[in-house]
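**Student:** Protein chains in written order, with my numbering: chain A, 294 to 469; chain B, 463 to 910.
FYI, nobody ran anything at the bench for these hints, they're computed from the structure.
Fair warning: this is a prediction, and the values are worked out from it, not measured in the lab.
Note that beta-carbon positions come from the ideal geometry of N, C-alpha and C, so glycine has one too.
DEER-style ranges, computed between Cβ atoms:
| no. | chain 1 | residue 1 | chain 2 | residue 2 | range |
| --- | --- | --- | --- | --- | --- |
| 1 | A | V378 | B | K845 | 55 to 61 Å |
| 2 | B | T471 | A | Y374 | 51 to 57 Å |
| 3 | B | K905 | A | C329 | 44 to 50 Å |
| 4 | B | F475 | A | E426 | 56 to 62 Å |
| 5 | A | G359 | B | L696 | 37 to 43 Å |
| 6 | B | L498 | A | T416 | 51 to 57 Å |
| 7 | B | F475 | A | G359 | 37 to 43 Å |
| 8 | A | A334 | B | A901 | 43 to 49 Å |
| 9 | A | T416 | B | L490 | 51 to 57 Å |
| 10 | B | A901 | A | A432 | 32 to 38 Å |
A partial selection of chain A residues facing chain B, derived with a Cβ cut-off under 8 Å:
| no. | residue |
| --- | --- |
| 11 | A381 |
| 12 | R385 |
| 13 | M389 |
| 14 | F397 |
No farther apart than 27 Å at their CA atoms in a straight line, the calculated lysine-lysine pairs in the DSSO-like style are these:
| no. | chain 1 | residue 1 | chain 2 | residue 2 |
| --- | --- | --- | --- | --- |
| 15 | A | K438 | B | K905 |
| 16 | B | K788 | B | K714 |
| 17 | B | K632 | B | K650 |
| 18 | A | K343 | A | K302 |
| 19 | A | K438 | A | K393 |
| 20 | B | K798 | B | K714 |
| 21 | B | K534 | B | K650 |
| 22 | A | K417 | B | K788 |
| 23 | A | K438 | A | K417 |
| 24 | A | K343 | B | K788 |
| 25 | B | K905 | A | K393 |
| 26 | A | K393 | A | K343 |
| 27 | A | K393 | B | K788 |
| 28 | A | K343 | B | K798 |
| 29 | A | K302 | A | K322 |
| 30 | B | K552 | B | K632 |
| 31 | A | K343 | A | K322 |
| 32 | B | K788 | B | K798 |
| 33 | B | K905 | B | K788 |
| 34 | B | K842 | B | K750 |
| 35 | B | K552 | B | K563 |
| 36 | B | K798 | A | K393 |
| 37 | B | K798 | A | K417 |
| 38 | B | K563 | B | K632 |
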Amino acid sequence: MNENATKVKTHVEARGFSVFYGSHEAVRKVDLAVPCGLVTAIIGPSGCGKSTFLRAINRMNDLIPGCHTAGDLYFDGQNVYGSDVDTAILRRRIGMVFQKPNPFPKSIYDNVAYGPRLHGRHTKAELDVIVEESLVGAALWDEVKTACTRMRWGCRVARRSGSVWRGRWPSSPRCC
Amino acid sequence: MRRSFRTFTDRAFTACALLAMAVMASFLFIVLVPILWRGLGAYVFQGTVEHRRMLMGEFNRGSEESLAAELKEVRQARAPVYQALEAFEKELAEMPASRRKELRPVFQSVRDGVASLLGSMPGEPLPALPRRIYGKTRWDQARHGARLILFEEVWEHDDDGSHRRLEPRKALFAGTALEPLFDLLEEKNLRRLMRPRLTLYARFLTDVSVDAHFFGGIGPEVMGTFYLALGAMLIAVPLGLIAAIYFQEYAKGGPTMAFLRSCVNTLAGVPSIVFGLFGLAFFINTIKVSPGKSVLAGALTLSLLVLPTVIRAAEEAIAAVPQSYKEGALALGAGKWHTIMTVILPAALPGILTGIVISMGRAAGETAPIIFTAAVSVGKMVKASELFVMPTPALSWNLYNLCTEHEAVDEIRHVQAGMAATLVLIVLALNLAAILLRARVAKRLKGG
Numbered sequence: 294m295n296e297n298a299t300k301v302k303t304h305v306e307a308r309g310f311s312v313f314y315g316s317h318e319a320v321r322k323v324d325l326a327v328p329c330g331l332v333t334a335i336i337g338p339s340g341c342g343k344s345t346f347l348r349a350i351n352r353m354n355d356l357i358p359g360c361h362t363a364g365d366l367y368f369d370g371q372n373v374y375g376s377d378v379d380t381a382i383l384r385r386r387i388g389m390v391f392q393k394p395n396p397f398p399k400s401i402y403d404n405v406a407y408g409p410r411l412h413g414r415h416t417k418a419e420l421d422v423i424v425e426e427s428l429v430g431a432a433l434w435d436e437v438k439t440a441c442t443r444m445r446w447g448c449r450v451a452r453r454s455g456s457v458w459r460g461r462w463p464s465s466p467r468c469c
Numbered sequence: 463m464r465r466s467f468r469t470f471t472d473r474a475f476t477a478c479a480l481l482a483m484a485v486m487a488s489f490l491f492i493v494l495v496p497i498l499w500r501g502l503g504a505y506v507f508q509g510t511v512e513h514r515r516m517l518m519g520e521f522n523r524g525s526e527e528s529l530a531a532e533l534k535e536v537r538q539a540r541a542p543v544y545q546a547l548e549a550f551e552k553e554l555a556e557m558p559a560s561r562r563k564e565l566r567p568v569f570q571s572v573r574d575g576v577a578s579l580l581g582s583m584p585g586e587p588l589p590a591l592p593r594r595i596y597g598k599t600r601w602d603q604a605r606h607g608a609r610l611i612l613f614e615e616v617w618e619h620d621d622d623g624s625h626r627r628l629e630p631r632k633a634l635f636a637g638t639a640l641e642p643l644f645d646l647l648e649e650k651n652l653r654r655l656m657r658p659r660l661t662l663y664a665r666f667l668t669d670v671s672v673d674a675h676f677f678g679g680i681g682p683e684v685m686g687t688f689y690l691a692l693g694a695m696l697i698a699v700p701l702g703l704i705a706a707i708y709f710q711e712y713a714k715g716g717p718t719m720a721f722l723r724s725c726v727n728t729l730a731g732v733p734s735i736v737f738g739l740f741g742l743a744f745f746i747n748t749i750k751v752s753p754g755k756s757v758l759a760g761a762l763t764l765s766l767l768v769l770p771t772v773i774r775a776a777e778e779a780i781a782a783v784p785q786s787y788k789e790g791a792l793a794l795g796a797g798k799w800h801t802i803m804t805v806i807l808p809a810a811l812p813g814i815l816t817g818i819v820i821s822m823g824r825a826a827g828e829t830a831p832i833i834f835t836a837a838v839s840v841g842k843m844v845k846a847s848e849l850f851v852m853p854t855p856a857l858s859w860n861l862y863n864l865c866t867e868h869e870a871v872d873e874i875r876h877v878q879a880g881m882a883a884t885l886v887l888i889v890l891a892l893n894l895a896a897i898l899l900r901a902r903v904a905k906r907l908k909g910g
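Sequences are here, hints too, so could you generate the full structure?
**Tutor:** Here it is in structure tokens:
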């Protein structure tokens with residue numbers, strides 16, 4: 294399989310990919326191709342390395358001291374662990390939903406707008422539209438709107454965490 | 463057996479803890495209540511007509527007409543006092559030499575007492591020092607002054623030690639022209655001479671002192687403390703915040719970091735007088751930030767003193783931010799710096815502010831570091847333009863100075879108490895602000 298074929302057919306491709314926590318090998322030599330346009334699920338018992346593998350794709354494991362990898366992992370044909378990879382750009386392109394709801398201690402508006410702002414959208418009008426569309430899309434708009442009319446978006450997520458705001462702004466291709 | 467022992471230890475510990483807290487609370491009560499109560503006396507007191515005369519003469523404050531009317535009445539009431547003095551002086555000149563020799567020194571001290579009680583004598587040239595122009599401005603001091611005239615203090619020494627006895631002077635002057643004076647100074651009549659009235663002197667906080675704190679307020683000290691604490695925070699907060707962010711988010715560990723950390727911790731344990739001497743040796747003598755003592759040198763020294771506290775508080779606040787906030791921001795593609803600025807610092811801000819406010823209280827109350835670098839005992843209100851070159855009075859240092867080295871420590875007890883209470887209130891207010899901020903951070907992090 295050559296590089297061009299990979300780019301067209303698959304989003305994520307792992308070849309002999311391993312993740313180590315120190316000397317412990319948490320994910321051993323995974324070969325996996327995630328095709329475009331399909332939903333791919335990874336299933337396994339607790340502690341088998343599902344999350345570790347997912348976190349390896351957008352390099353969230355870099356935050357864990359002593360974590361390193363072996364083998365190759367490609368995202369849209371680009372080597373994720375290449376020396377020229379900007380992790381910030383990579384993570385902007387790979388969305389991630391955490392196991393637990395993970396809102397910032399900011400207003401709902403600012404939480405939803407955090408992603409778009411990173412993508413360079415700063416005008417109020419543009420953000421208003423995006424925030425409303427996202428909340429409507431997540432079927433939260435009515436609840437949030439009525440709950441926060443008096444506070445005009447100022448309502449803290451913290452107060453109604455999980456129930457109201459479970460996700461976050463979905464950044465472009467969603468792979469996991 | 464084991465279970466009963468466990469119950470016993472639990473109960474014993476609870477009892478000890480309750481006792482410890484009761485002791486702490488009572489200490490706080492024993493310390494704070496007298497300080498605040500006596501300090502209140504500097505702001506609210508029975509002010510005599512001399513206080514109002516002083517306010518008009520030194521600060522040009524008060525109503526001129528009512529003061530003039532009051533002074534007219536007072537002058538009438540005081541006239542017999544001066545008449546008695548004058549008449550007795552003439553009488554003294556005609557007395558036999560032996561009697562004159564006996565009475566003259568006593569008369570002289572009575573005369574001096576009257577001058578210090580009622581202010582400068584009419585008909586004499588106006589003295590240069592305000593303390594000789596105005597009489598006693600406070601009713602408690604006026605009563606004390608009158609007692610000093612009415613009674614002679616006699617010390618008796620015997621095997622049990624020394625005893626003080628008060629002997630009325632009236633008996634000594636019985637039958638002379640001075641006798642009516644002593645009746646005039648009895649408390650009921652003294653009220654007509656001094657006209658005490660409940661006075662709120664709120665501007666004690668902002669007034670400059672007149673004649674080395676004999677009159678006036680503690681404005682220069684309050685401003686000096688304010689400038690020093692603020693200056694120290696302006697220097698310590700940016701440095702401390704940068705250090706804390708670096709320690710928490712960037713530093714990789716290793717021996718250098720361990721060494722730097724232990725340096726910071728050691729800095730926190732250095733006695734404050736050492737900081738003062740260092741400030742003098744380094745900031746003033748070596749790098750010469752100012753020609754001599756200055757607010758700048760003091761603020762620099764204080765900033766070194768509070769730097770470890772600021773760093774630690776900020777580090778703890780940053781470490782308390784849940785890892786999930788950081789991961790959430792990073793997973794969205796925010797850079798490290800962006801994550802710190804938009805997520806970590808806002809979440810840690812109340813905790814950081816708590817540390818800053820507590821450090822500010824510490825900087826305001828510290829004495830030793832500013833003795834050699836910034837403080838003067840008597841000074842004018844320092845101007846904002848002179849902060850880099852001029853020293854300043856400050857509450858902490860001047861409180862010590864007024865209690866130990868002032869020429870008349872006993873006469874300015876109210877100023878000392880007022881200063882102590884003001885300093886305590888400033889520090890308490892800062893700590894209260896810190897507690898409120900901490901409550902906010904707890905609520906915020908729990909909610910997230």
